[in-house]
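K.L.:
Reconstruct the complex from the two isolated chains, following the hints.
Going down the list, the protein sequences come from chains A and B. Read in order, the letters of the first sequence are residues 0 to 194 in numbering that gives the first Met the number 0. Read in order, the letters of the second sequence are residues 0 to 424 in numbering that gives the first Met the number 0.
Derived list of chain B stretches under chain A, where covered just means 3 residues or more per stretch with a C-beta under 8 Å from a C-beta of chain A:
no.: 1; region: 145-159
no.: 2; region: 409-417
Cross-link-like lysine-lysine pairs, in silico, DSSO-like; alpha carbons within 27 Å at most:
no.: 3; chain 1: A; residue 1: Lys-160; chain 2: B; residue 2: Lys-154
no.: 4; chain 1: A; residue 1: Lys-160; chain 2: B; residue 2: Lys-401
no.: 5; chain 1: A; residue 1: Lys-158; chain 2: B; residue 2: Lys-154
no.: 6; chain 1: B; residue 1: Lys-183; chain 2: B; residue 2: Lys-329
no.: 7; chain 1: B; residue 1: Lys-154; chain 2: A; residue 2: Lys-125
no.: 8; chain 1: A; residue 1: Lys-183; chain 2: B; residue 2: Lys-363
no.: 9; chain 1: B; residue 1: Lys-329; chain 2: B; residue 2: Lys-55
no.: 10; chain 1: B; residue 1: Lys-396; chain 2: B; residue 2: Lys-285
no.: 11; chain 1: B; residue 1: Lys-396; chain 2: A; residue 2: Lys-155
What the simulated footprint calls covered on chain A by chain B, stretch by stretch (three residues with Cβ under 8 Å from a Cβ of chain B suffice, anywhere in the stretch; the number is not a length):
no.: 12; region: 21-31
no.: 13; region: 48-54
no.: 14; region: 72-80
no.: 15; region: 83-97
no.: 16; region: 140-152
no.: 17; region: 177-190
FYI, nobody ran anything at the bench for these hints, they're computed from the structure. Predicted model only: the values in this text are computed from it and were never measured. Ideal Cβ positions, reconstructed from N, Cα and C, are used throughout, including at glycine.
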Amino acid sequence: MTEAACLAALAGSDQHDKARACQELVSVGTPAAVPALAALLDQENISDYARSALEGIKDPSASAALRKALGTAKGRQLAGVVNSLGVKRDPAAVGDLQKLALDAKSGVASEAVASLGMIASADATKTLQKILADGPADLKAPAAHAALMAAESLAKSGKPKDARPLLDAVVRAFPEGHLANVAKTQAVSLGAKRS
Amino acid sequence: MNLTRRRFLQTATAAAIGFPTIIRASALGKNGTVAPSNRLTIGGIGLGPRGREDLKSFLSQKDVQFVTIADSQKVRQDLVRVMVNRHYQNEDCKQVQDMYDVLGRTDIDAVLIATGDRWHTMASILAAKAGKDIYCEKPCSMTIRETQELADTIKRYGRIFQAGTQRRNVDNFQFAAHLAHTGKLGKIHTVHAGILALGESHKWLPEEPLPAKEVCDWDRWLGPAPWRPYNKEYVNGRWRGYYDFHGGAALPEWGAHTVDLCQWGASADHTTPVEYEADGQTIYAKYANGVKMVMRLSGFKGEGNWVVPGTCPVRFEGDEGWVEAADTGKIAVSNPKLLEGGAPAEMHGTDPSKHVRDFLDCVKSRQQPACSADIARRGHIVSHVASIGWRLGRKVKFDPVKEVFIGDDEANRQASRSRRSPWHA
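If we strip away everything but chain B, and leave its shape as in the complex, we get (with noise of 0.2 Å):
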């Protein structure tokens, strides 16, 4: 008989009423907790800064349980533990270093995977094939062949996927989209995406000796991506920029967010530009129905001309008016009218708790959450083709339907790369 983690634990309960024994209150879900087997099993895929940041919102939700800690750094994994059982207050997480060995676990529901972009994908494909469900931190894809093999392996295997795209559930950008959608500043017409400035890197870092493969795995670090000699200046985090493991030449870095918002703004979820052309570091872009994005600079130093502060800024236009927001929570509008009866409050756009906890219901409930794969799918495509607009220095068309470069065999053939083997979808 196969048995649910659930049915384990309600027939371990049942075993155990013969036996005289004390049950925590919090095992019981008394005290205001969750019980066990009302919990979430989560298990974590390669933690870094960014992903323990993720690990926090997790733990910060009482019917989550976080299990384990899968990644190729054993210092990492250390981190990632150690966090955890303060947390819970025991020793029950583990550490392993294979991934396998935590998407084997049939007591686990949902999977963090928040790896480098390398990995992103082909993680997500490998633990939707396992069963789980998924919060997968962004870019979740280095191409725009990877971006379609996930949003179509997780509707086959019918998971749950959240791209880490929080911004979707923070209260001024949704604000914004809600003046967007309610037509509040009348018929829009240009939306405009902060993105870093462009550039990628295919030079190779000198080889160091190979760490003990238990200290940091190189091989499996590497993953999919393509061979390179060890250097610790990648494993300790400065990877990006490097063409091998940071796809779309960094725009997708901020512009899985910020393209991915004004895909909202602009009501095209379900589609996107279908012409790119690059000037220097602006792309420009244009919907079948004419409406125009504007990808251009902004940074961590107030770059670009945004009104609003922060990182990650966008700008919806329309004909009546126009309102632009960014990290800092702050919201700006043409006419303080706009925020009349329900401007939010301030919420920085790095908070990823509202978008876990709608990760969280929507794996109860088998509803789509606010960046689920299919919407994130039109997002990084956006990205990923304005990339290569830019590297090929010249406007491309794009068709939203088939996916692909109208009438342009060079862009087509920039659109996949080979896994480095034995890696495969």
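So that you can see chain A by itself, here it is in the shape it has in the complex (with noise of 0.2 Å):
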């Protein structure tokens, strides 16, 4: 399918003819296929067809749309969209997520704090540890998780240093057990890596 004829199908009210084009547009979509996409962020059912698409699209206004949805996706089309911007690793996006991963009244504290671990940047980082040291405790597992996640993203992208204090964080927040010991084997291979 050419990108017109997937916008040509966008606009129609056929859902499966919405899903495939989509599916299409992962790899034909260039930025002309993004207000047609942004427009289905916060339509049940479709809206993850969409943002596979807006994933695939590297200009930053697919960026931009997924942002600007998260002021108007509700529920699981609001997670969906938090996600997606952790797997673009959008560094942009990161204040928006702070916020949603503080207010546990957003419903997406969990996806938000998953998202922040992907982009791993220093001010995603500092929230991570906030969380773990003094957050709620049903979203330490989760920010546990994300800091093991955005600690090994920095040590592979040469900052070990930036690293350290994240799994210093996890054993605190978690001194025994299986997250304490991943933490703690991490921290191992950094100082394995620095000497």
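P.N.:
In structure tokens:
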């Protein structure tokens, strides 16, 4: 399907046609498709298809559309948008994601935490450390998983010094057990790489 | 105090000493059985027909205690619970619909995951995060990105993972790899992997009324896969062939086995081919060292030009000879002398018993099993890369270190798919 044919399908009413068009736009979508895809982000059942296409479009307009949807999408659709911003590792989304992560009423705090872990910028990792230190109990495990992912990502990108505080925060929040073991093992690995 | 299951059992046994009671010999590890404190406790997630074949192999191991099944469909929960309880002659196996009720149990050491392909990576990641070791049916991933996420997660959490590519532990395939690795075929120049016919459907079956959630939780059945209207055909096992449920245009269905075996035969577990080009239903790939991989049609009815009958055939060719093996357990060689002093007994390629045993031993030893997440990573990526090249209908080049298509944005954009909300890694 050409992009034009996909856009025509998105303008129609058939759910299957819209879904198929979004799947094709994963490969062929350009910034021209962003407005039509953005319009689907709050639609039940089709929102996930639209996110997939927007994740494929590297142009900044795709990330901007997702960020804008943070203010309009609800429930599962909002959770999906939050996840896509993490997948795209959009540093411009960190401020909004921090608010969602720290707002117990947002309904997407754990998804926001996970996305902050994927982005792993300095601001994002500070939020993870804050949650691990004094955040709500039910958010500490998601924050630990996000911190472990962020630490690994930072170590791979040559920033082991930035990874270490995250691992320490995980161990302080979970002094014993599986998560502590994983964090300690990662910390040992960081030490080995430094030497 | 955080008691481990074994510690709990030790404590419980000590506490029971003061009470006169009858303890069965099997519970004490006598009569050739293994005491409960030394058994590995296993939970099942999504066990359909193939999963129940795997389950038979787990149940046959004396050091295994299978304790619970989670499945989105009640009928499958029932089948597994009855099968397990009949085996143990008790009523201890619990059935649940939500896999979190399995992953949240601190007494479970490992899980057997045999859902449809759409769930394999996500369920494995959740299990690793919960601190479980994992035996996961194949194909283990729907996309290149999922393959990477899976292997990275297993490594991060230090879990033991065995991909359900049991042919790495089936005698005739092992013997074929042995001939390749010991130089008896000369220098390996070409490996052949049998694959099913390539294809993918984007159709949606007609919508049917949703069943009661406790009978079949359609939302949970779909999991990370895109939404579509319910139709009972999907949940009755006929989900294969659909793009949303069956990754890689069906190439990984057998490629997870045969491409993986070719990687092994070519001593290429650490890398992947760098070039791929499809010609109809045949895909020609080439490693950086010049070794070729040919992925070509085979099937359930003897399709393709293979010497050895049987599904999932492979062939390794060197400059001094060749060997071919398939699921019938038979083996063919270019020279009968190659079979001297070690030709294996016939063993059917679908029997996972040795593979399961390998997994259980590794859970105990913390060594890597025959098809670890790292090995499965490369084999699965080859299948996914080849299928993307086939879909695009042109040659693609792939960087095995960075694991990206080279200068090919269109191909790279097919390396991942969004997960349906709220599922995320």
